[in-house]
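Sequences and hints are given; from them, build the entire structure.
Protein chains in written order, with the working numbering: chain A, 4 to 291; chain B, 2 to 257; chain C, 60 to 383.
Honestly, the hints are just simulated from the structure, not real lab data. The reader is advised that the hints may include incorrect statements.
As the list claims (entries may be wrong) - The calculated lysine-lysine pairs, modelled on DSBU-like cross-linking and capped at a C-alpha distance of 30 Å, are:
1. A/K116 with A/K263
2. A/K187 with A/K89
3. B/K6 with B/K172
4. A/K263 with C/K179
5. A/K187 with A/K166
6. C/K79 with A/K89
7. B/K172 with C/K274
8. A/K89 with A/K166
9. C/K274 with A/K89
10. C/K79 with C/K179
11. A/K187 with A/K161
12. B/K172 with B/K230
Unchecked claim - These stretches of chain B come out as covered by chain C in the derived footprint (C-beta under 8 Å, 3 or more residues):
13. 63 to 75
14. 87 to 100
15. 108 to 118
To be verified - Not close to chain C: a few residues of chain B, all C-beta gaps over 10 Å, as computed:
16. T51
17. L53
18. A78
19. G103
20. G156
21. R165
22. L183
23. I246
24. A248
From a predicted model like this one, the values you see are computed outputs, not experimental measurements. From the three backbone atoms N, C-alpha and C, an ideal C-beta is built for every residue, glycine too.
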Amino acid sequence: MLLQFVFSGCTLGAAYILAALGFSMIYNASGVINLAQGEFIMIGGMSAAALSALGIALPMAIVAGVVIAALIGAAVERLAIAPTRKADTTSIIIITISVSMVLRGLTEIILGKENHSLPPFSGDQPIDFQGASILPQSLWVFALSAIIVVALAFFFGKTRFGKSMLATSHNRLAAQLVGVDVRKVMMSSFALSAAIGAVGGVALAPITTVAYDTGVMLGLKGFVAATLGGLGSGLGAVFGGLFLGLCEAFTAGYISSSYKDAVPFVLVFLVLTLRPQGIFGVKSADRV
Amino acid sequence: MMMLKVSDLTKVFGGVRAVDGVSFAVHQGTVQAVIGPNGAGKTTLFNLITGLYTPTAGSIEFLGAEISGLAANLLAARGMSRTFQNLQICMNLSALDNVLVGAHLQLNGSVLAGLFRWPGLAQTDRRLRARAADLMAFVGCGAYVRADAASMPYGALKRLEIARALMSEPKILFLDEPAAGLNHTETHEIEELVRQLADRGLTVVLVEHDMKMVMSVSDRILVLNYGRKLAEGAPVEVRNNRDVIAAYLGEEMVDG
Amino acid sequence: MSQLVSSTDIREWSGAPRMKGLTALGAVILLLPLVLPNAFYYDVVIRIAVNAIIAIGLNLLIGYTGQISLGHAGFLGIGAYGSAILTSRYGISSLPALCVTAAAVALLAWIVARPILRLKGHSLAMATLGLGIIVSIVLTNEAQLTGGPDGLSVDGFAIGRVAISGEKNWYWIFSAVLFLSVVLAQNLIDSPAGRAIQALHGSEIAASVVGVDVKSYKTSIFVLSAVFTSIVGSLYGHYSGFINPGVANFATSVELVTIVVVGGMASIWGSVIGAVLLGVLPQLLAGHEGWDTVIFGLVLGLSIIFMPRGIVPTLQGWFRERAR
Chain A
4 MLLQFVFSGC TLGAAYILAA LGFSMIYNAS GVINLAQGEF IMIGGMSAAA LSALGIALPM
64 AIVAGVVIAA LIGAAVERLA IAPTRKADTT SIIIITISVS MVLRGLTEII LGKENHSLPP
124 FSGDQPIDFQ GASILPQSLW VFALSAIIVV ALAFFFGKTR FGKSMLATSH NRLAAQLVGV
184 DVRKVMMSSF ALSAAIGAVG GVALAPITTV AYDTGVMLGL KGFVAATLGG LGSGLGAVFG
244 GLFLGLCEAF TAGYISSSYK DAVPFVLVFL VLTLRPQGIF GVKSADRV
Chain B
2 MMMLKVSDLT KVFGGVRAVD GVSFAVHQGT VQAVIGPNGA GKTTLFNLIT GLYTPTAGSI
62 EFLGAEISGL AANLLAARGM SRTFQNLQIC MNLSALDNVL VGAHLQLNGS VLAGLFRWPG
122 LAQTDRRLRA RAADLMAFVG CGAYVRADAA SMPYGALKRL EIARALMSEP KILFLDEPAA
182 GLNHTETHEI EELVRQLADR GLTVVLVEHD MKMVMSVSDR ILVLNYGRKL AEGAPVEVRN
242 NRDVIAAYLG EEMVDG
Chain C
60 MSQLVSSTDI REWSGAPRMK GLTALGAVIL LLPLVLPNAF YYDVVIRIAV NAIIAIGLNL
120 LIGYTGQISL GHAGFLGIGA YGSAILTSRY GISSLPALCV TAAAVALLAW IVARPILRLK
180 GHSLAMATLG LGIIVSIVLT NEAQLTGGPD GLSVDGFAIG RVAISGEKNW YWIFSAVLFL
240 SVVLAQNLID SPAGRAIQAL HGSEIAASVV GVDVKSYKTS IFVLSAVFTS IVGSLYGHYS
300 GFINPGVANF ATSVELVTIV VVGGMASIWG SVIGAVLLGV LPQLLAGHEG WDTVIFGLVL
360 GLSIIFMPRG IVPTLQGWFR ERAR
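Okay, here's the thing in structure tokens:
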């Protein structure tokens, strides 16, 4: 049974990694904690599911879902975040909460309250491995996560635009002075985060189904994963996501399935009290 | 009487020895200046003495008692007061309330007493408010007595902070760059203020870059460089000290 | 006496303006029953009062002291369930049960306050959010004790041997508690303790060097707001006769924060007005699935963007500008 829990833990973990990466990216680019990230994930899954139900071919529906989420991410940045950049942390958190409410409510109105599902990308026959079974869709989730992690590492490490994003996060003014289009960077960071989250949403949809309120818990857990690993750290997001997924799976398996949802919050409470900067994060100091 | 005695005080941040084995003493009723190039460790020294940082090594004695490592709010109770290089004004309060909070320890600060409107609270409050207004006039920002802190100009805020520090009737006052960012006239007024405070017998320790002010108002000067004590003595001695001149060489500093 | 301050200033410092507000509130409370047509409207008003009382306590924490909490509904849930379980399961009479529950909440709040109030900004938001959700999950899962997701019915409330029942009687209870909350909160804000907490919001460093024990005040206000919430939660459980774990969930916590933010941070009257506004709004949107979430979200978002200090402080600012 251990292996089974490892598999389900890793599947969950892979989804959490994508959510956590989204959080970290936006935090890095703008210092904003985007509590609407969960809704981006949900919108990806819901759009793809809705389009697929309308008869559109699966690959197109998937791509469309991700693109729609990206566009909404960019719109959120332009309309809700950019005008309020100078507000204090509490206010910005509240703004992102309000954005999540609007997005969630609109999805409920447009697509209703029911669960929606997406057909699995390549069949639904569980694969047996050493006494445990794993869905092919789970392998898709792993693969997509891994590809995105590698792609992001390349993007931030080697491409010009990626480096300009990092520069903006370190020192916005300095980046502007060397010619970085900060507005474009901000908007792109949101669009990219939304897209990454949406990939997770789309990949998970065949396994867990999506509904208008799926984003709430997913988003919060993604945030927890990012916090565990260290907000702003890509490595931290990967570690946090995987760790969280495994802890949840083991709790569900060995302790109690109904308390598995409490796991992220207990963990985050412990991390924040014992090591607030997360495992890979850096402690910040205030100058007096 | 020895008010403050600092022995071998050291503070290490990561690999940086911000303050390295500094020792000096401040006598009651004197004005002691701490000077040095930027990065010499002056503000770190202040933060160590006033309880905002914990020393890595060394000791600090205030009025004969060891205080190193004590939290800032406990030191306030022992008679310490300070101002800040980067203004620490409560912009969400009125000017008067900012000063009034300086008298916090003279009032009943209990939450329960506040909730149930303990008798006497209001009366003491009124008396201290009047005193706060007087202090604001004394330091030179009396015009803002009815203003909110957020609407005051920089120079007035610097004085407001001094008024707040004086509210607790401190035994020793630490001023961290009181003249920073002020023009000639304002600097001269601060100089006058420090002199008046010294005349009243208050022990003052100040960090300042304006050498004219330092030379004219101090009884003793401590010079720091790279976290270490470079020189200590009366203004005339320090001014002619070769090491001090060497440390400042190339910097526009002495203006007569 | 100082030459700089006038007798007008002295009178103002003695709290003359706040009497006007209290008189108005008192008048509204006394006159409202004359216009409320039936029990349904009493219920709406009572819910508004409940939210207002919690918001006042929460505002002391968020607005005045500057510490965000996204998990206060957890205390609401513990208050409601604590009283409910002690009265129905253990036969303890309602007033002592309420006090015991409030004491337990105070202890719990005190224990969690110490570690988490070291945090700031999003870390504090996350920690409080987590606590609220943990409470909500426990309430949902411990079905043996709490009735689980199906909820729990709550016995009636009695003060001594006098049983309180019916909307009209509860109206007076909740109005009295609201009035008292406003008075207590005003007292606190005007006191040295109130000044200390606002000072620490403005600059923790400045507050420490003048002698304010920052940690202690943050903890006290956290506990105080938790106790306010618990007491109201207990009363609400008895009033409504039935509670379910939804009372402690994240959405409720967000609703409470919305009231504080929209009504006015660091404004006691703002919390009252905010509760009225956000209590009346759902009545206008009743039955429109999804729209209530959207409208709430828009109200919250637009309010923070255009009136960052909230309705009442912004209006007060406008009036002061006009008066010049």
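For each hint, the structure was consulted:
no. : hint               : in the structure
1   : A/K116 with A/K263 : 24 Å, holds
2   : A/K187 with A/K89  : 18 Å, holds
3   : B/K6 with B/K172   : 14 Å, holds
4   : A/K263 with C/K179 : 27 Å, holds
5   : A/K187 with A/K166 : 13 Å, holds
6   : C/K79 with A/K89   : 36 Å, violated
7   : B/K172 with C/K274 : 25 Å, holds
8   : A/K89 with A/K166  : 24 Å, holds
9   : C/K274 with A/K89  : 28 Å, holds
10  : C/K79 with C/K179  : 36 Å, violated
11  : A/K187 with A/K161 : 19 Å, holds
12  : B/K172 with B/K230 : 25 Å, holds
13  : 63 to 75           : holds (count 3)
14  : 87 to 100          : holds (count 8)
15  : 108 to 118         : holds (count 10)
16  : T51                : 6 Å, violated
17  : L53                : 7 Å, violated
18  : A78                : 6 Å, violated
19  : G103               : 5 Å, violated
20  : G156               : 18 Å, holds
21  : R165               : 7 Å, violated
22  : L183               : 20 Å, holds
23  : I246               : 35 Å, holds
24  : A248               : 30 Å, holds
In the structure shown, a violation is registered for the earlier hints numbered 6, 10, 16, 17, 18, 19, 21, in ascending order.
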